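Protein chains: 2
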Amino acid sequence: MKMKHHFNISFPMLAILAASCASFPERHPQNTDLIFPKGERITNDNFVGNVYLQQLVSPDSLNNTQVGNVTFEPGARTKWHYHPGGQILLATGGVGYYQEKGRPKVILRKGDVIKCPPDVPHWHGASADTGFVQIAVTNTQNGPTVWLQAVTNEEYSSPVP
Amino acid sequence: MKMKHHFNISFPMLAILAASCASFPERHPQNTDLIFPKGERITNDNFVGNVYLQQLVSPDSLNNTQVGNVTFEPGARTKWHYHPGGQILLATGGVGYYQEKGRPKVILRKGDVIKCPPDVPHWHGASADTGFVQIAVTNTQNGPTVWLQAVTNEEYSSPVP
Chain U
1 MKMKHHFNIS FPMLAILAAS CASFPERHPQ NTDLIFPKGE RITNDNFVGN
51 VYLQQLVSPD SLNNTQVGNV TFEPGARTKW HYHPGGQILL ATGGVGYYQE
101 KGRPKVILRK GDVIKCPPDV PHWHGASADT GFVQIAVTNT QNGPTVWLQA
151 VTNEEYSSPV P
Chain P
162 MKMKHHFNIS FPMLAILAAS CASFPERHPQ NTDLIFPKGE RITNDNFVGN
212 VYLQQLVSPD SLNNTQVGNV TFEPGARTKW HYHPGGQILL ATGGVGYYQE
262 KGRPKVILRK GDVIKCPPDV PHWHGASADT GFVQIAVTNT QNGPTVWLQA
312 VTNEEYSSPV P
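Sequence order for the protein chains is U and P.
Sequential numbering from 1 applies to the first sequence in this note's numbering.
Sequential numbering from 162 applies to the second sequence in this note's numbering.
If you are wondering where the hints come from, they were derived from the structure by calculation, not from laboratory data.
The structure displayed is predicted, hence computed values, not measured ones.
Glycine included, C-beta positions come from ideal geometry on N, C-alpha and C.
Among the hints, erroneous ones may be present.
Computed footprint of chain U on chain P, listed as stretches where at least three residues anywhere in the stretch have a Cβ under 8 Å from a Cβ of chain U [stated by the list, open to error]:
#1 199-212
#2 232-243
#3 246-256
#4 292-303
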């Protein structure tokens, strides 16, 4: 199955195309600087602000790795949470924040890589002024993400050492 | 530890910087359209042509996921091989080929995603005229990559249905 790649269409249409295109390989055609579609806005309460998710790979019984493209609008972020199998973040655009419990907040930009160990509480999101795009690679072998409390404004605004 | 991100330097220097920067987070500063550095040329005989690897995440005892940025020059490709834990390919630039044993070759472009099951022989590489860049996410829990025979010119040049 083939799709041509030179569409001139909007993100909502791309999301619909991607969702209807569960073929081999999975196509995410783009004519923008972005690599993957923005996907759908996340509506659960584990996030604050506008956050979009394009699921790229779902885990299955043969490979427990989950991959998603996550786009945070300025000021948007996750709640504190941890992954029993650990998580890798690949920053692909914008300016983001990442913080592990008990450690200072760090700034993430395109090309930065985070390897968060299993069971370590952390949060991530966009900076206050600039959005942030990341590829999240989650090892689900020990169970799903465990969600914790919201990130306070004091935590979100904490200085970067 | 912080590094400023607006370098005006070459890829070899970036590779050296990245290698000397095993800090938290791992920084891959870029002032190009590429997301991650090209890395070092692979010199083992599991590849044909010029292929470059920037290791982004190494597997460890807590998380067996390996992530690498792989750049194939035109015509370059892997040998046939398989991964006992499976592999995910995220195409980020250029034009590439991917083929699983017994299936037709497919073309990969920016935004395409491949999920290759465990133990399925396959090869990937660049098209003859255009290079190809991919992020490879490999599940190493069942052991390392198993390398097989070279891709013949007939296989490499096989038509895309």
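_Hints violated by the structure (listed by number, smallest first)_ = When the structure is compared with the hints, numbers 1, 2 turn out to be violated.
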